[in-house]
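Protein chains in written order, with the working numbering: chain A, 1 to 363; chain B, 1 to 363; chain C, 1 to 363; chain D, 1 to 363.
Hint data in this document are derived by calculation from the structure and do not stem from the laboratory.
Only a predicted model underlies this, so the values are computations on that prediction, with no experimental measurement involved.
Treat the hints loosely; a few may be bogus.
For lysine to any residue, the following SDA-like pairs were computed, each having C-alpha atoms within a straight-line distance of at most 20 Å [claimed, not checked]:
#1 K257/B to D270/A
#2 K60/C to K324/C
#3 K315/A to G51/B
#4 K355/D to K315/B
#5 K358/D to E314/C
#6 K315/B to D270/A
Residue-level listing of the chains:
Protein chains: 4
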Amino acid sequence: MAGSTFGKLWQFTSFGESHGEGIGVVIEGCPAGLEIDKAYIESELARRRPGQSTIVTQRKEPDTCEILSGTMDGISTGTPLAIWIANQNQKSKDYSHIADKFRPSHADYTYFAKYGLRDYRGGGRSSARETAARVAAGAIAKLILQKVGIEIIAYVSQVGTVIAPDVERPTKDVIESNIVRCAHSESAVEMENYIKEIRKEGDTVGGMIRCVVRGTPAGLGEPVYDRLHADLGKAMLSINAVKGFDYGSGFDTVSMKGSTHNDSYYTNDDGQIKTSTNYSGGIQGGISNGMDIYFRVAFKPVATIMQDQSSLDEKGNEVTVTGKGRHDPCVVPRAVPIVEAMAANVLVDHLLRSKTNKISDLI
Amino acid sequence: MAGSTFGKLWQFTSFGESHGEGIGVVIEGCPAGLEIDKAYIESELARRRPGQSTIVTQRKEPDTCEILSGTMDGISTGTPLAIWIANQNQKSKDYSHIADKFRPSHADYTYFAKYGLRDYRGGGRSSARETAARVAAGAIAKLILQKVGIEIIAYVSQVGTVIAPDVERPTKDVIESNIVRCAHSESAVEMENYIKEIRKEGDTVGGMIRCVVRGTPAGLGEPVYDRLHADLGKAMLSINAVKGFDYGSGFDTVSMKGSTHNDSYYTNDDGQIKTSTNYSGGIQGGISNGMDIYFRVAFKPVATIMQDQSSLDEKGNEVTVTGKGRHDPCVVPRAVPIVEAMAANVLVDHLLRSKTNKISDLI
Amino acid sequence: MAGSTFGKLWQFTSFGESHGEGIGVVIEGCPAGLEIDKAYIESELARRRPGQSTIVTQRKEPDTCEILSGTMDGISTGTPLAIWIANQNQKSKDYSHIADKFRPSHADYTYFAKYGLRDYRGGGRSSARETAARVAAGAIAKLILQKVGIEIIAYVSQVGTVIAPDVERPTKDVIESNIVRCAHSESAVEMENYIKEIRKEGDTVGGMIRCVVRGTPAGLGEPVYDRLHADLGKAMLSINAVKGFDYGSGFDTVSMKGSTHNDSYYTNDDGQIKTSTNYSGGIQGGISNGMDIYFRVAFKPVATIMQDQSSLDEKGNEVTVTGKGRHDPCVVPRAVPIVEAMAANVLVDHLLRSKTNKISDLI
Amino acid sequence: MAGSTFGKLWQFTSFGESHGEGIGVVIEGCPAGLEIDKAYIESELARRRPGQSTIVTQRKEPDTCEILSGTMDGISTGTPLAIWIANQNQKSKDYSHIADKFRPSHADYTYFAKYGLRDYRGGGRSSARETAARVAAGAIAKLILQKVGIEIIAYVSQVGTVIAPDVERPTKDVIESNIVRCAHSESAVEMENYIKEIRKEGDTVGGMIRCVVRGTPAGLGEPVYDRLHADLGKAMLSINAVKGFDYGSGFDTVSMKGSTHNDSYYTNDDGQIKTSTNYSGGIQGGISNGMDIYFRVAFKPVATIMQDQSSLDEKGNEVTVTGKGRHDPCVVPRAVPIVEAMAANVLVDHLLRSKTNKISDLI
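Let the hints inform the model, and build the full structure from the sequences given.
In C-alpha cells form, the structure reads like this:
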C-alpha cells in the first residue's frame with residue numbers, strides 16, 4: 001500500500017516529480033460551498049517557492065496553479081478538488097552525472113533498493129518539490145479553518161547555532177517581514193548572515209521551526225492511535241529533512257516533575273475553561289483542550305553540498321559526488337509554509353472527524 | 001472516524017477500558033502459518049504489567065491472555081487474531097471522588113468536551129492500560145520479525161535529571177537485569193534511587209527511552225507521507241504520556257552542517273552497502289537503508305500525583321483533586337516493552353507493504 | 001490487506017470461527033450517548049440463530065452476547081464497542097472425516113489454496129456463523145437509525161420454485177408471524193412445506209430475500225464509487241451463499257425503455273418532493289432521493305447436502321463426501337435478519353458520512 | 001468520507017467533471033518496472049469514447065491522455081501514476097435550460113439535496129464521463145494482469161428485448177467486430193437495428209453485459225467482507241446506470257437444488273484441480289478457485305430522452321424537461337470496456353493483496 005495519501009476525512013493524494021510534468025494533488029472531503037480562492041493558494045505557494053529571496057535556492061519556479069476539478073464558479077461542489085502546479089524548465093536539465101550514483105544522505109540508494117530503479121532527475125518523487133502539493137492542500141484547509149476561527153502560525157526559531165529568544169506572541173507581520181521567517185527581528189538578521197556564510201563555504205545547515213495553533217475548540221483528536229499530536233507528529237515527520245517533533249513541554253518534559261508539569265484548570269472571566277500553565281501544549285489524552293497548541297520541528301542540513309563527497313554507484317563502485325546547481329543552504333525559511341500547511345491539513349481532518357462524536361450530532 | 005485502529009496491512013484495533021471487562025485487540029493481516037506463541041505474548045505482557053518491581057505501581061494485573069480467534073492448533077490461519085486480556089478486581093473500586101472532576105493533565109476534560117460524557121473509572125479508554133493491547137499485537141509482530149532477522153531493543157536512557165551515558169551496543173541482558181530497564185547498570189541504580197525518592201515526595205517524574213532496530217533490510221518505508229520514521233513517530237506519539245520523538249541525529253541536527261551530517265556510502269568486507277556514519281538513523285527519504293534505525297521517545301511525568309491540586313468539576317466549580325491508589329512514579333520502566341511493541345507493529349506493517357514494490361514480485 | 005473489516009465511519013471488524021471460542025465484533029465509530037440495548041441485540045441474534053424453528057438447522061446456539069467494551073452504565077462512550085458471542089458445544093465435535101477433504105462448493109479448497117492450510121472445523125472462518133457478528137453490529141446500527149426514522153424490513157419472497165406474490169407494504173407483523181419470514185402468509189405455508197420436502201430428500205434449495213428501507217432522507221450516498229447501492233450491493237454479496245443483488249427495477253430494467261423507466265418528480269400535499277414511480281429504487285446517481293429503497297438478494301442452495309458427492313482431498317485423491325450433522329435445507333429464513341443488519345450497517349455508515357457535506361455543517 | 005477512491009492496494013482516485021477541464025485519475029500502488037503503454041491506454045479509451053459508431057452518442061471526445069506522473073522513460077517508478085484526459089469543446093455549451101431543473105432519474109435532485117448546490121453542466125461529477133478515469137486505470141491494471149495470464153472479456157448479451165443466445169467461448173475478435181460489442185454476430189445485427197429504432201422514437205433502452213475472467217489463479221479474494229465477488233459487485237454497481245449484478249448461477253440459483261448446484265472437484269489430465277460444473281462462477285467462499293469467473297451486469301435505459309417530461313425545479317415549481325443534444329440511446333456498447341476495466345481494477349487489487357497470505361511469502 002503506497003504512501004502518497006494523507007488524512008482520513010480530509011484526504012489528499014499528491015503526485016508528480018521534481019523534473020516531470022509537474023506536481024498535483026487531489027483532495028477528497030472538501031465540503032461543498034467553500035470559495036476556493038486561487039489567489040490565496042498561489043500566495044501560499046509563493047511563500048514556499050524557490051527564488052523568493054537571497055538566502056534560498058535561486059531556481060526559478062513561479063508556481064502558479066490550476067484548479068482542475070471540484071469547483072463551479074469558484075465554489076467547491078463537494079467533489080474531488082484537483083490542483084496542478086506545472087513544472088517549468090526542469091526537463092531540459094542534464095542529470096547524467098548522478099544518474100547512477102547514490103548521493104550521500106539523499107534517497108537515491110533507498111529508492112533503488114526498494115523499487116529496483118529510480119527517477120534520478122532532481123530526486124524525482126523524493127524531491128522536496130512534492131511539498132508544493134501539501135501547501136496547495138493546506139491553503140484550502142486554512143480557508144476552512146478560518147471559518148471556525150483557527151489560526152496557524154509557524155516561524156523559524158533556530159538556524160544552526162543561532163537561537164532566537166522566545167517570543168511571547170509571534171505575529172505574521174514580524175515573521176513575514178524578514179526573509180528567514182523568524183518571529184524575532186534581531187535574530188532574523190543574525191540568521192540571515194549565518195546562512196550566507198554557510199553558503200559561501202559550500203555547506204548547508206539545519207534549523208528549527210516552531211508552530212502555534214490558536215483558536216482550536218476543545219474536543220478535536222481521537223483516542224487512542226489518532227491522537228491529535230500523533231497525527232501532527234506524523235504530518236511533520238513526513239516533511240523532507242525533518243528529524244524530530246515534540247509538542248508542549250516536549251523533550252524538556254523528561255526532567256520535569258508532575259507537580260510542576262500538571263496544568264491546573266480554572267474558569268476565566270469569560271466563563272471559559274483554561275489551564276494556568278500549558279505544558280500540555282493544548283492537547284490532553286490526544287484531544288485538544290482549547291488552549292494554544294504548539295510544537296517544534298527539527299530540520300537537518302540539506303544533503304546537497306558544494307563539496308566533494310565519496311560514495312557508491314549502482315554497481316557498487318566508489319565514486320565522488322559533487323553538488324551542482326542551485327540549492328538551499330538552509331531549508332527552514334521555505335519550510336515555514338509547509339509546516340503550517342501540514343498542520344492545517346491535520347486540523348481540518350480532525351475537525352471533520354469531530355462531527356459525529358455524539359448521537360445528538362445525528363438528529 | 002474513530003482512532004482505535006492502527007496500521008495498514010498489519011492492522012489492529014484495540015478495545016476495552018481500564019476498569020471494564022478487559023482489554024482486547026483484533027489483528028488483521030497476520031499471514032497464515034505463524035506459530036502464535038501464547039507464552040511469549042504473556043512474557044511480553046509481564047514486562048509491561050504493574051506490580052513487577054518495587055519502583056512501579058503496586059496494582060495487581062497478572063495479565064494473562066486468551067487467544068479468541070485466528071489460530072488452529074496454535075498456528076495462525078490468516079484470519080483475524082483476537083487476543084483478550086481480562087481485567088481483574090478493578091470493577092469493585094470506588095470512583096465517586098473523581099466522577100465529576102477533571103484531574104489536571106489527564107484526559108478527563110477533553111473526553112468530556114468531545115463526547116459529552118466520559119468513563120471516569122480509572123480513566124476509562126484513556127488509561128495506559130490500553131497499551132496491553134499494543135504489547136500483545138507487538139509480541140506477534142516480533143515473532144514475524146524474528147523470521148526475517150529484525151531485532152528491536154528499547155531501554156531507558158534518562159529518568160528526570162539522571163542521564164545514562166551512551167552505550168555502544170545495548171543488550172537485552174543488561175537491560176532486563178535491572179528494574180529500570182536501563183542499558184547502563186550503574187545508571188540504573190541511580191535511577192532506581194531517584195524514582196524512590198520522587199515517590200516519597202508523592203511526586204512523579206519524566207523519562208526518556210531510546211530504541212534501536214537492527215537487521216532491517218534496505219527498502220522498507222513508503223514515500224511520501226508514510227515514511228518509515230513518520231509512522232514510527234506517530235506510533236510513539238500515540239503512546240500515553242509521550243511528548244516528543246526524534247530519530248537519527250534528531251534535534252541535534254538543527255545545529256549541524258551538511259558536510260558533517262551526510263553519511264558516506266561504502267561497501268564493507270562482506271560486500272554490503274553501509275554508511276560510514278549513521279546520522280540518518282537508518283532511514284533516508286523515509287525508506288530504510290539497512291543500517292541501524294534508532295530513535296528517542298520523551299515521556300512526561302505521570303499526571304496522578306499524591307498532592308492536592310486545584311481544578312474544576314463538570315459544572316465549572318473549583319475543586320481540589322488528590323491522587324489516590326497505586327500509581328507509577330515514573331512510567332518509563334514499564335514503557336520499554338510498549339515502545340518495542342509499537343516499533344514492531346510499524347516494521348511488520350512496512351514489511352508486508354514491501355511485498356508488492358516491483359512488478360517482478362507479482363510474477 | 002485482510003477483509004474482515006467493513007465500513008468507513010461505521011467501521012466494524014469481525015473475528016472468530018465456527019468452532020473456535022466464539023464470534024466477536026469490534027465497532028469503531030459509534031457516537032457517544034446511545035443506549036446499547038443488550039436485550040435488543042440478543043433479540044436480533046435470536047432471529048438468526050439455529051434451532052429457532054422446524055425448518056432450520058436443529059443445532060443449538062443460544063447466542064447470548066456480552067458487551068466487552070465501549071459502554072458505561074449501558075450508554076455508548078464513543079470508544080470501540082466490542083461484542084462477544086461465545087460458541088457452545090462446538091468444540092467437542094469430530095471433524096476428522098472432512099479434515100483433509102474439499103467439500104464441493106464449500107470454501108475448503110479455496111482457503112487451502114490461499115493460505116496453505118485451513119481451519120476445517122465446521123468451515124472455520126468461512127462458516128455462516130460469522131454472520132452473528134454482522135447481526136450484532138447491525139442491531140446497534142438499527143438503534144441509531146431508529147433515532148432518525150429509518151426502518152429496514154427484509155422478507156423471503158421466493159424459496160426454490162415457490163414465488164410469493166408482491167406485497168404492497170410488507171409488515172414486520174406478518175413476516176415474523178411465520179417461520180419462513182415471508183411477507184405473504186399463504187405463500188409462507190407453501191414454502192414451509194416445500195422446505196420440509198427438500199430436507200427429506202437430503203437436499204437443499206435456494207431462495208430470494210427482498211428488503212425495503214423506509215424513511216431515508218435525501219442525500220445519503222457518495223459519488224462515484226461509494227454509491228449507496230454499490231455499498232448495499234457489496235454488503236449483500238459479502239453474505240454467505242449470496243449470488244446476486246439488484247435494486248429498484250434491477251434486472252428487469254434491461255428490457256425497459258427510458259420513457260417508462262424515468263421517475264417523474266412532483267411535490268406531494270405535504271410539500272415533500274416525491275417521484276410518481278420508483279424504478280430508481282430510492283437512489284439516483286448513487287444518492288438517496290427520499291423514496292423507499294428496495295432491493296433483492298439471491299441465495300444459492302446450502303452446499304452441505306445429505307447425499308454422497310465425489311470430490312478430492314488435499315493430496316488430490318478422489319474421495320466421497322457426505323454431509324453430516326444438522327444443516328439448513330434453505331438458508332433464507334435465517335438470512336432475513338442478516339440482510340437487514342448489513343443494510344443497517346451501510347445506512348449508518350452513510351448517515352455518519354453525510355455530516356460533513358457542506359461547509360455550513362462545520363460552523 | 002468522500003467516495004471517489006477505489007481499491008485498497010491498487011487504489012485510485014478519480015477527479016473531474018463532464019464539462020470542466022477534464023477527467024483525471026491518480027493510481028497508488030502500481031509496482032515499479034511496468035511499461036506504461038500510452039497507446040494501449042488510449043486504445044481502451046477509444047472503445048469507450050462517444051462518436052465511435054452510428055449507434056452511440058455523436059458527441060466528439062477524442063480522449064487522448066497525458067501521463068502526468070509516475071513514470072520515467074515510459075516505465076513505472078512505483079510512485080503515483082496520474083493520467084489526465086482533457087475535455088474538449090464542452091465548456092462552450094449552454095446549460096441554462098436545465099440549470100435549476102431536476103431531470104427525471106438523473107442525479108440532479110440528489111446532488112442538490114446532498115450538497116446544497118450542484119454542477120449542472122452536463123451532469124458535472126455524476127456524468128458517465130467519469131468512467132474514462134476507470135478505463136484509464138483499468139488499462140494499466142490489464143497490463144499487469146497480462147503478466148500473470150489473466151484475461152478479461154466483456155460483451156453485450158441483451159439489448160432491450162433482444163437476447164443473444166449463450167456463446168460457449170466468447171472471443172474478442174467477434175465482440176469487437178460489431179458495433180454493439182455482442183459475442184454473437186447475428187444478434188448484434190438485430191440489436192443494432194433495435195437501438196436505431198429506439199433512437200428514432202427519441203427513447204432509450206436498457207441492456208445487459210456479461211463478463212468472463214479467464215486464467216485467475218486459485219486464492220484471490222479475502223474473507224469475509226472483501227470477497228472477490230463482493231468487490232466485483234461493488235465495482236460494477238458503481239458504474240453509471242447499473243441496477244444489478246450477479247455471478248455464477250446468479251439469480252437462477254434461487255430455484256436450484258444443492259444436489260444440482262454443487263460443483264464437484266476433479267483433477268484434469270494436466271494434474272490441475274477443476275470442477276465438473278461451474279455454478280460457483282469461479283469463486284467459492286469469496287476466493288477464486290481457478291475456474292472461469294463470470295458475471296452479469298444490468299444497465300438501465302439512459303435517463304436523457306428526447307421527449308417532454310414533467311418535473312420540478314429547485315424552487316419546487318412544476319416544469320417540463322426535454323432532452324437536448326446528442327446522447328446514447330443504449331449505453332451497453334460503450335459500457336463493455338468500462339465493465340472490463342473495473343473487473344481488472346478489482347483483480348489487480350486482489351492480486352496485490354494476495355502477496356502476504358502466508359508467512360513463507362515474507363521470508
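Structure-inconsistent hints, enumerated in ascending order: 1, 3 and 4
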